[in-house]
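There are 2 protein chains.
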Amino acid sequence: MSYKNPLSISHEIVSKYLGEGDTAVDATAGNGNDTVFLAKIVGCRGKVYSFDIQNTAIENTRKKLKINDLLNRVELINEGHQLMDKYVPPGVKVIMFNLGYLPGGNHQIATKPKSTISAINKSLDLLQVGGIIMMVIYYGGDSGFEEKDAVMKYIEQLNYKKYSVLALNFVNWLNCPPISVCIEKTSE
Amino acid sequence: MSYKNPLSISHEIVSKYLGEGDTAVDATAGNGNDTVFLAKIVGCRGKVYSFDIQNTAIENTRKKLKINDLLNRVELINEGHQLMDKYVPPGVKVIMFNLGYLPGGNHQIATKPKSTISAINKSLDLLQVGGIIMMVIYYGGDSGFEEKDAVMKYIEQLNYKKYSVLALNFVNWLNCPPISVCIEKTSE
Numbered sequence: 000m001s002y003k004n005p006l007s008i009s010h011e012i013v014s015k016y017l018g019e020g021d022t023a024v025d026a027t028a029g030n031g032n033d034t035v036f037l038a039k040i041v042g043c044r045g046k047v048y049s050f051d052i053q054n055t056a057i058e059n060t061r062k063k064l065k066i067n068d069l070l071n072r073v074e075l076i077n078e079g080h081q082l083m084d085k086y087v088p089p090g091v092k093v094i095m096f097n098l099g100y101l102p103g104g105n106h107q108i109a110t111k112p113k114s115t116i117s118a119i120n121k122s123l124d125l126l127q128v129g130g131i132i133m134m135v136i137y138y139g140g141d142s143g144f145e146e147k148d149a150v151m152k153y154i155e156q157l158n159y160k161k162y163s164v165l166a167l168n169f170v171n172w173l174n175c176p177p178i179s180v181c182i183e184k185t186s187e
Numbered sequence: 000m001s002y003k004n005p006l007s008i009s010h011e012i013v014s015k016y017l018g019e020g021d022t023a024v025d026a027t028a029g030n031g032n033d034t035v036f037l038a039k040i041v042g043c044r045g046k047v048y049s050f051d052i053q054n055t056a057i058e059n060t061r062k063k064l065k066i067n068d069l070l071n072r073v074e075l076i077n078e079g080h081q082l083m084d085k086y087v088p089p090g091v092k093v094i095m096f097n098l099g100y101l102p103g104g105n106h107q108i109a110t111k112p113k114s115t116i117s118a119i120n121k122s123l124d125l126l127q128v129g130g131i132i133m134m135v136i137y138y139g140g141d142s143g144f145e146e147k148d149a150v151m152k153y154i155e156q157l158n159y160k161k162y163s164v165l166a167l168n169f170v171n172w173l174n175c176p177p178i179s180v181c182i183e184k185t186s187e
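In order, the protein sequences belong to chains A and B. Note that numbering that gives the first Met the number 0 numbers the first sequence so that position 64 is 63, with each residue one more than the last. Note that numbering that gives the first Met the number 0 numbers the second sequence so that position 154 is 153, with each residue one more than the last.
Okay, chain A solo, but in the shape it has when bound (with noise of 0.2 Å):
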């Protein structure tokens, strides 16, 4: 079912924004999964602009991308995502996060608040009104939590009369279980 666990929250949500045509970004490529879910859908007409600061990352997207034979729609950038608007032209349907360390991968190699949040206020710039920012906030064991209380703190305060914010919890999880938000841009 859809609304099983964060991941698949993420999908559903932004399938129900992004269309035919579209342009996607997706902030952090890591395994490139959501790369090639974005590059899908906005089809041959659209265009997706994948960031990660890790080579490796780029270089794994490249490769799920060519398999699935979508590089065509697909802009690979080896930089911090706080770069996007030196890439990104205004008017973006949906921006895709995951924020905090891969899971199952290395703790210590993860998103860091001060360019997490420059990042999610670029975001909002380049959003078109009703777009969103989707984003999955990974943190928990060691690591992760400095990062989640910045980036919720940041988006609790956002105007509501220009960005409508929810969040969605699993509460009777155990350890942490990622929390999901949707950040929605209802007026310039």
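Treat the hints as calculated values from the structure; they're not laboratory data. You may find that some hints are simply not true.
Any copy will do: because identical chains look the same in the list, a pair fits if it lies in one copy or spans two.
To be verified - Derived pair list, reagent style DSS-like, types lysine-lysine, alpha-carbon separation capped at 27 Å: (1) Lys161 / Lys111; (2) Lys39 / Lys161; (3) Lys3 / Lys147; (4) Lys15 / Lys147; (5) Lys15 / Lys121; (6) Lys161 / Lys65; (7) Lys113 / Lys63; (8) Lys111 / Lys147; (9) Lys147 / Lys160.
Take the given structure of chain A and dock chain B to it, following the hints.
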């Protein structure tokens, strides 16, 4: 869009789970809108049980069903929802609750923590595996805080091996926006 407010979220999620021929319960008939919504989805082979302790709510719901030619598939029960196990057989797919006062209505007429938790408890037993309880919790102003706190405390301790409890909050809205909660029964 589908994730604009707590009501549209609850309908979006319910429509993912409920299908033709299913059995559903409206635990709080109120103005009848959810009963009509459920009755349309389950179709003529399905069944909806609709509860309200207030006779006027039952009569208003009856009128709405009649206008929509849906009365044949709904059983209206003028009784508190904590007694639903006396009327509803097990194997239910979706049970909807609107908790708290009716928006725009009298804040003195509201569901109460003790009977609400008893009704949720019975609902969990009546659900089939893969079925859900979908709640919207209204609170704020002069009322509803006690019930909201009691319900959240109760559902947060539900066994994660049997139930998955997803809470959806508009974290940047002012004045206590309603909380949506989806409880899925994942095993017996």
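Unmet hints by their number, sorted upward, for this structure = Hint check: 2, 6, 7 fail, others pass.
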